[in-house]
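Which chain is which? The protein sequence lines are A and B, in order. When you line the first sequence up against the numbering used here, it's residues 44 to 524, in that order. When you line the second sequence up against the numbering used here, it's residues 44 to 524, in that order.
Certain hints may be false.
In this list, chains with the same sequence are indistinguishable; a pair is considered to hold if it fits within one copy or across any two.
What the hints assert, rightly or not - Lysine-lysine pairs mimicking DSS-like chemistry, simulated, CA-CA at most 27 Å apart:
1. 382 / 426
2. 359 / 100
3. 334 / 421
4. 419 / 514
5. 514 / 110
6. 309 / 77
7. 128 / 54
8. 443 / 390
9. 128 / 184
10. 128 / 390
11. 347 / 390
12. 443 / 514
13. 83 / 110
14. 309 / 184
15. 441 / 147
16. 421 / 382
17. 54 / 204
In short, the hints are calculated from the structure, not lab data. Just so we're clear, the structure is a prediction, and the values are computed from it rather than from any experiment.
There are 2 protein chains.
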Amino acid sequence: MSAEELKKIEKWGRFELELDGPREGNPYREVSLKGKFRRKNREVEVEGFYDGDGSYKLRFTPDRLGKWCYETISDREELDGRWGKFRCVEPSEGNHGPVRVEDKVHFAYADGSPYYPVGTTCYAWIHQKESLQEETLEELKESPFNKIRSCVFPKHYAFNKNEPLYHPFQKGEGEERDFSRPNPEFFRHLEEQVERLGELGIQLDLILFHPYDRWGYAEMGKEADDRYLRYVVARLNSYHNVWWSLANEYDLLEEKSTADWDRFFKIIQENDPVGHLRSIHNCREFYDHNKPWVTHLSVQSQDKFDVTDWREEYGKPVVVDECGYEGNNGYGWGSLPPKELIRRLWKVATTGGFPAAHGETYLDPDDVLWWSKGGKLKGESPKRIAFLREIFERAPAKLKPCALGGWDASAAGIEEDFYLLYFGIDQPARKELDLPSGHRYEIEVIDTWGMTVDPLGGEFSGSVELGLPGKPYQALRITRV
Amino acid sequence: MSAEELKKIEKWGRFELELDGPREGNPYREVSLKGKFRRKNREVEVEGFYDGDGSYKLRFTPDRLGKWCYETISDREELDGRWGKFRCVEPSEGNHGPVRVEDKVHFAYADGSPYYPVGTTCYAWIHQKESLQEETLEELKESPFNKIRSCVFPKHYAFNKNEPLYHPFQKGEGEERDFSRPNPEFFRHLEEQVERLGELGIQLDLILFHPYDRWGYAEMGKEADDRYLRYVVARLNSYHNVWWSLANEYDLLEEKSTADWDRFFKIIQENDPVGHLRSIHNCREFYDHNKPWVTHLSVQSQDKFDVTDWREEYGKPVVVDECGYEGNNGYGWGSLPPKELIRRLWKVATTGGFPAAHGETYLDPDDVLWWSKGGKLKGESPKRIAFLREIFERAPAKLKPCALGGWDASAAGIEEDFYLLYFGIDQPARKELDLPSGHRYEIEVIDTWGMTVDPLGGEFSGSVELGLPGKPYQALRITRV
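Let the sequences and hints guide you as you build the complete structure.
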């Protein structure tokens, strides 16, 4: 077959090989299948997986243009020694590849385009009825969010007592789940939703474990945990918009030790040739984010926002993805007024972190709270988050925390060139600033709640005293002329 | 002379003996004068002071009813060996004596009546022109405050560049002050204002040192510092409404060491037979409030309100007397919206501390900012502070931090009997509570900003789920039936 006739797979797209194989016994754990993918001196090994009904699959994401060949390795003759070729071609428009850490504390897509995470949280939306999932996707399409946090496992918690649409594992004896038999129907559904999120430009921060459980998923045991992780990685690592979030509130999963989390990270790292982002989300105490397998911080904090210190201490991007949700559900983590959520997000963004912590927890007659089930956004924060995103995406990439604002105004910027100062709850009617000498600046007052940008007019240099509107939630954008 | 003819001095009132003495040299430092006051087996020694123009004074506050006698001791013949008697009689109405620590972490007047500090801050009001001081006193009269923080020394700082009405020390060579010669005119004026505050029921937290200085008061040297303290204590310890605040922002007085502060505390302790309250106010780091001469914490914090921990750690009353002021002056410490100040004060009050941190810093065309110069109150917080004071003064005395509210609502109360829960910025529309078993309770919703109290109606017991208004700044008052 000539080069022209080779199957074409776009860069950061997905090659999939489907093979027929044994159905007897428990193919999920009794059959091994791997693929070796080669391009010149680059060789990548991936695990395959059993998709039920005698179907075995190998998925692979090529990250270099040109001709790739592959062969399969299996302990079953019918799956072993299969080989073939394909050609990796330019990615289609809108496919920027997976998100990477860039310059230690920032993010970018694999093709180099900047990525500024602005995220929301719907823990169990993929477990709700189809029509609700459609509503959620419809809502996400119109939303400012380019990241979402969601769990593989269903959730048992306040306002979340319903059974899932599909279970990630098949039914076993009695009411128990069989943790040696994943449910392909669930995973095909998950993959479809991952793909649809991808089409909306949304990264899925996929939560692999969480403590809010009545089915046993939080306590499957080491062997089942490890096999589950390999299965998920084999199925999903070829989706460009997946991030691995090892847990929601890992420190509440009392059955698991630090050694378990370390091992989980390593399993993912070894089995994911794409190197998707890896993090672990705390309730109270941080996991040691210095460990080499952690790509970025995934922080819950309801009161402390020492983002600049964390960024310094760990030398990694700081994503604050939980800081209290907009709502009124009667819990401290779910009763924030929208102004307070927006304040926290701006604070995070102007101290060198990423404000990916939206969620809504308004009481609902049908218990459809966005933070868990999706549905409709009801809050006042999303449009202000769109405004925040616009401000930060128009700013130069790779802002750093700056001292320009003094102790009482946080600031992120590019020294001498550009600054975003934020005053939070304060209502200053004036501000003294020492602008870097030798340059002239234009200054705009941003009302982060009112979503307006007003130039102060003229140019400023040296030590200045600015007149300000004297109301809360103001920021300044200072741009070198 | 018969018992009936003895001069009558009310308990916690002031006995004063005036004597003529030498004028030559520097009587402030060259003449010693003491008084011994005796009643049965109680003997109290106090220092006298020179009041200028050949006048020497001894002041003493009797704290036991009945006949007291005294004699003077001096190194000058004309001041030595004078003696006399007076009778200590019941205090007049409204004289409750000095405020003391009560039950480790609370306050009460010497006569046992409860004292709940609700304070404001006017650092340099006694240094402004007379008409402005009158305005300040007029305003205080209508205010909710029963405590004020003010400095002995004038202040040099933003919005505070004017010369003081009177200097605490006399003019020396050239432009320098002579730190060996206090200015009696200043102190007589200070005493008059202390007395007038006393008539308004206001405790004066008198700040003895502070860093904002252009006259040399912050760096007088050890000898002058010590003499100054003895002079102030000799003059003022007989005023029942004085508290000794060793410093405002002691940690910014770089010339003084911990050993200096320790020594200052000891000098005051040794020379003040009344035992007025003693504290030291921080900018950043706390002084070690465990030291035995510290009677209570005087805390500045702009962001951290670990009041319950501090109360536990030091076992002393926690007075938060600076947490940012209501205003718009462009500094983080002086640009709080009134809602945020009120939130902080309620937070302090419902975690076991005392909310004595009012101050106003609105820009003014004449630079008359209440926080420093007094004048008119312009803010929206004072009437909410009056409301807070009313709520807490009506509550049982000696509230303790309680766990009833969970991590997400602070609570102070008397276990099983009474609770005040506070939700802060949160806007819960419901709240689950486990009320102590075996009792019935009435519950009222307090809008701490709107200043309303609405009964939920009926009685509650055991585990309850309450419907709430779903707006910020709500509290609950829970009273056992």
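Do the hints match the structure? See the list:
no.: 1; hint: 382 / 426; verdict: both (12 Å within a copy, 24 Å between copies)
no.: 2; hint: 359 / 100; verdict: neither (35 Å within a copy, 69 Å between copies)
no.: 3; hint: 334 / 421; verdict: neither (39 Å within a copy, 54 Å between copies)
no.: 4; hint: 419 / 514; verdict: between (31 Å within a copy, 21 Å between copies)
no.: 5; hint: 514 / 110; verdict: neither (61 Å within a copy, 62 Å between copies)
no.: 6; hint: 309 / 77; verdict: within (18 Å within a copy, 79 Å between copies)
no.: 7; hint: 128 / 54; verdict: within (15 Å within a copy, 103 Å between copies)
no.: 8; hint: 443 / 390; verdict: within (13 Å within a copy, 33 Å between copies)
no.: 9; hint: 128 / 184; verdict: neither (37 Å within a copy, 90 Å between copies)
no.: 10; hint: 128 / 390; verdict: neither (51 Å within a copy, 67 Å between copies)
no.: 11; hint: 347 / 390; verdict: both (11 Å within a copy, 16 Å between copies)
no.: 12; hint: 443 / 514; verdict: within (26 Å within a copy, 36 Å between copies)
no.: 13; hint: 83 / 110; verdict: within (9 Å within a copy, 108 Å between copies)
no.: 14; hint: 309 / 184; verdict: neither (34 Å within a copy, 69 Å between copies)
no.: 15; hint: 441 / 147; verdict: within (10 Å within a copy, 53 Å between copies)
no.: 16; hint: 421 / 382; verdict: both (14 Å within a copy, 25 Å between copies)
no.: 17; hint: 54 / 204; verdict: neither (42 Å within a copy, 68 Å between copies)
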